[in-house]
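Chain F is fixed; fit chain C onto it per the hints.
Number of protein chains: 2
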Amino acid sequence: MTSMILKNVRPMAGPATDLYIVDGNFVVDLPQGAGTVDCGGRILIPGLVEAHTHLDKSLLGLPWYHNEVGPRLIDKITNEREVKIALGLDPKIQSERHAILAMSHGCTHIRSHVDVDTHHGLAGIEGVMATREKLAGMIDIQIVAFPQSGMMTRPGTAELMDEALSMGADLVGGIDPCGMEHDPKGHLDTVFALAEKHGKPVDIHLHERDALGWFSMQEIIDRTVALGMQGKVSISHAFCLGAVDRAYVTGLHEQLAEHRLHILTTAPASAPVPAVKELHAHGILTGAGCDGIRDTWGPYGNSDMLEKAMAVGMRNNLRRDDEMALALDICTRGGAAILEVADYGLDIGCRADCVLVEGETLAEAIVTHAPRKLVLKAGKVTARDGSCVIEAP
Amino acid sequence: MTSMILKNVRPMAGPATDLYIVDGNFVVDLPQGAGTVDCGGRILIPGLVEAHTHLDKSLLGLPWYHNEVGPRLIDKITNEREVKIALGLDPKIQSERHAILAMSHGCTHIRSHVDVDTHHGLAGIEGVMATREKLAGMIDIQIVAFPQSGMMTRPGTAELMDEALSMGADLVGGIDPCGMEHDPKGHLDTVFALAEKHGKPVDIHLHERDALGWFSMQEIIDRTVALGMQGKVSISHAFCLGAVDRAYVTGLHEQLAEHRLHILTTAPASAPVPAVKELHAHGILTGAGCDGIRDTWGPYGNSDMLEKAMAVGMRNNLRRDDEMALALDICTRGGAAILEVADYGLDIGCRADCVLVEGETLAEAIVTHAPRKLVLKAGKVTARDGSCVIEAP
Chain F
643 MTSMILKNVR PMAGPATDLY IVDGNFVVDL PQGAGTVDCG GRILIPGLVE
693 AHTHLDKSLL GLPWYHNEVG PRLIDKITNE REVKIALGLD PKIQSERHAI
743 LAMSHGCTHI RSHVDVDTHH GLAGIEGVMA TREKLAGMID IQIVAFPQSG
793 MMTRPGTAEL MDEALSMGAD LVGGIDPCGM EHDPKGHLDT VFALAEKHGK
843 PVDIHLHERD ALGWFSMQEI IDRTVALGMQ GKVSISHAFC LGAVDRAYVT
893 GLHEQLAEHR LHILTTAPAS APVPAVKELH AHGILTGAGC DGIRDTWGPY
943 GNSDMLEKAM AVGMRNNLRR DDEMALALDI CTRGGAAILE VADYGLDIGC
993 RADCVLVEGE TLAEAIVTHA PRKLVLKAGK VTARDGSCVI EAP
Chain C
643 MTSMILKNVR PMAGPATDLY IVDGNFVVDL PQGAGTVDCG GRILIPGLVE
693 AHTHLDKSLL GLPWYHNEVG PRLIDKITNE REVKIALGLD PKIQSERHAI
743 LAMSHGCTHI RSHVDVDTHH GLAGIEGVMA TREKLAGMID IQIVAFPQSG
793 MMTRPGTAEL MDEALSMGAD LVGGIDPCGM EHDPKGHLDT VFALAEKHGK
843 PVDIHLHERD ALGWFSMQEI IDRTVALGMQ GKVSISHAFC LGAVDRAYVT
893 GLHEQLAEHR LHILTTAPAS APVPAVKELH AHGILTGAGC DGIRDTWGPY
943 GNSDMLEKAM AVGMRNNLRR DDEMALALDI CTRGGAAILE VADYGLDIGC
993 RADCVLVEGE TLAEAIVTHA PRKLVLKAGK VTARDGSCVI EAP
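Residue numbers (my numbering), protein chains in the order written: chain F, 643 to 1035; chain C, 643 to 1035.
Among the clues, some could well be false.
Any copy will do: because identical chains look the same in the list, a pair fits if it lies in one copy or spans two.
Stated by the list, open to error - List time: in silico DSBU-like cross-link candidates among lysine-lysine, alpha-carbon distance up to 35 Å:
hint	residue 1	residue 2
1	Lys718	Lys776
2	Lys919	Lys718
3	Lys827	Lys734
4	Lys842	Lys649
5	Lys718	Lys649
6	Lys1022	Lys827
7	Lys1022	Lys718
8	Lys1015	Lys734
9	Lys1022	Lys874
10	Lys919	Lys827
11	Lys1015	Lys919
12	Lys649	Lys874
13	Lys1015	Lys827
Think of the hints as simulated: they come from the structure by calculation, not from any bench.
Same shape as in the complex, but just chain F (with noise of 0.2 Å):
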């Protein structure tokens, strides 16, 4: 069943309305004999946009991992790619259980890195792959294709990235050319080169903090100018913006704003963050993500976008009920915008994609995070009490 009359629901926390949904999307008439969901005076919000996570790496569902790692990014890296096989870690089945858990928390829309690299091959690629396809019409999926372990410093992995992207990987992924590749010409080349090749967009990780993120940043802003690329790129993470230098930070902004580069944040306690309400005040795209969930980087994280839409707020100390509007905002539209949804929002002709949430307002639906009462994805049940209508394998 598409069609669908949504009774007495407060879109964005508003007055009490009723409304239709036909064949997927919000109408204006009242459809003939479509069934009737009582929302009790619910709120209403468009589907949470999970727009920066690692669908192909979390342990969701196996023996807990003790982590003993070590406390460099690099420690972190080699770890993972090393440990992966003997932990049993099925990219497929675990990008399914994780995909499976976001959409019990309301998410309609996912952007995941997935590792290339030359240990591994393409098999981060092919297992999400097959989630995408598995779960199409439930979830939409897009993939970047991501060197997680670095090109420059491991020879085929470029190769590899290609394979990538002709075999249906959407966007072109890079990390840290500083910190990580050792080569920010060559890092950064390669990145837009295969970009340009392909066609796709791209979003590069950078960790890089203070003025080692500034140069990487400007390097990418340079390319993405250079190459027409205006709306294509995303930076995720993009620690450098939270710098005490609010000056230099600022004219990073301007420049942003003016070739609408788009920021993902995945909003770290222990890391500088990009101020959302300074991005905001810029006019510059931004949306958020839960990074990797219950991996071999840390335990930490289950999927829910609500609730990193609290941890945006607090991050960033929004405590007024519009700041916390705008970490909604970020977790949904923003994300949308920047992962390019078509027909995204509870206007009529949108899409039914939405999610309604336990709140007298917005606020309180985020500080609660309360068990999603109703998921829609096209106007079908996707999750109900904050279950999936389907099991995790």
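Okay, now just chain C, sitting in the frame of chain F:
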């Protein structure tokens, strides 16, 4: 019933065993005629300790408060003082709601700061004292007489503080001697004079950052030593210990350790925080708290100290299992030691204040913080399956 057999339980995630409780204490010998609780191999931890909160001012159970408050500390303090009555905030009812929520999550001990000011007089102290009495035997509540609005800037407050301590408040509170009081000597002399007069410990809110906070902290340390109050002084928040200049901070750590001052962190996401691994390495007793929850300051918080252990972990970038154990230790034993709780822990002879939690490991128990299966206070059941055995008003 305060005699009980806890069957198939894993203390601190160790091997499964049976534990015996008689007259509210853990004992060696199998009690005759005691009821048996099958713990299903779950983990047992000692009671969670909420070591920094504000029981008198949560808005739990009241209509949603639309926050439009300004960005400064003084905006929040002034707004709160002025809207409390209009909002219908009754400290007795609110503190009972708040404490019962904490109990539902496995909290067995609370230290609460309670506002004392010339606007509301001792209404807060009286309200929380009534709740303390009503919940006696189910949860232990320490009351800090807290001059939230300042003593130097609001004449008459010091006299009310004196009265609060005579009435039964357990500790003398204080707040930003420079930033709020504009008179560090006057403020701290008053705080320590009250402590000396009443023979009670001290717990001071210190939000001041960097060098300002270092100055105030040094003044606190010096008075602690001068009055021989080693072991009796806690500093809450202590954002200045999260400063970038670690060499200077190390000098303070060494003094805090030598003179046995304690640190209570609320692990806020958007302010600098004391580095708990460094505090631990110096042997400084560290506890944690949720701070105010769902109040006029902000919408966040649910009084769950197991979730707060996760926040402590995330804010301090703890990822390894041994590091996660430290986060839990802070929310249990650390807080208990600072609150000077006698017979705390899971050993023979200890008071049976304990919580049955879900997970294969302590780290998993923290990151999932699933509803608590069972909570005992001196061997009596206070919560089951996430719900307190008594209802909130």
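Taking the hints in turn, this is what the structure says about them:
no., hint, in the structure
1, Lys718 to Lys776, "within (30 Å within a copy, 51 Å between copies)"
2, Lys919 to Lys718, "both (31 Å within a copy, 20 Å between copies)"
3, Lys827 to Lys734, "within (34 Å within a copy, 65 Å between copies)"
4, Lys842 to Lys649, "neither (41 Å within a copy, 59 Å between copies)"
5, Lys718 to Lys649, "neither (49 Å within a copy, 39 Å between copies)"
6, Lys1022 to Lys827, "neither (47 Å within a copy, 66 Å between copies)"
7, Lys1022 to Lys718, "neither (39 Å within a copy, 44 Å between copies)"
8, Lys1015 to Lys734, "both (28 Å within a copy, 33 Å between copies)"
9, Lys1022 to Lys874, "within (30 Å within a copy, 61 Å between copies)"
10, Lys919 to Lys827, "within (32 Å within a copy, 38 Å between copies)"
11, Lys1015 to Lys919, "within (30 Å within a copy, 40 Å between copies)"
12, Lys649 to Lys874, "neither (39 Å within a copy, 59 Å between copies)"
13, Lys1015 to Lys827, "neither (49 Å within a copy, 55 Å between copies)"
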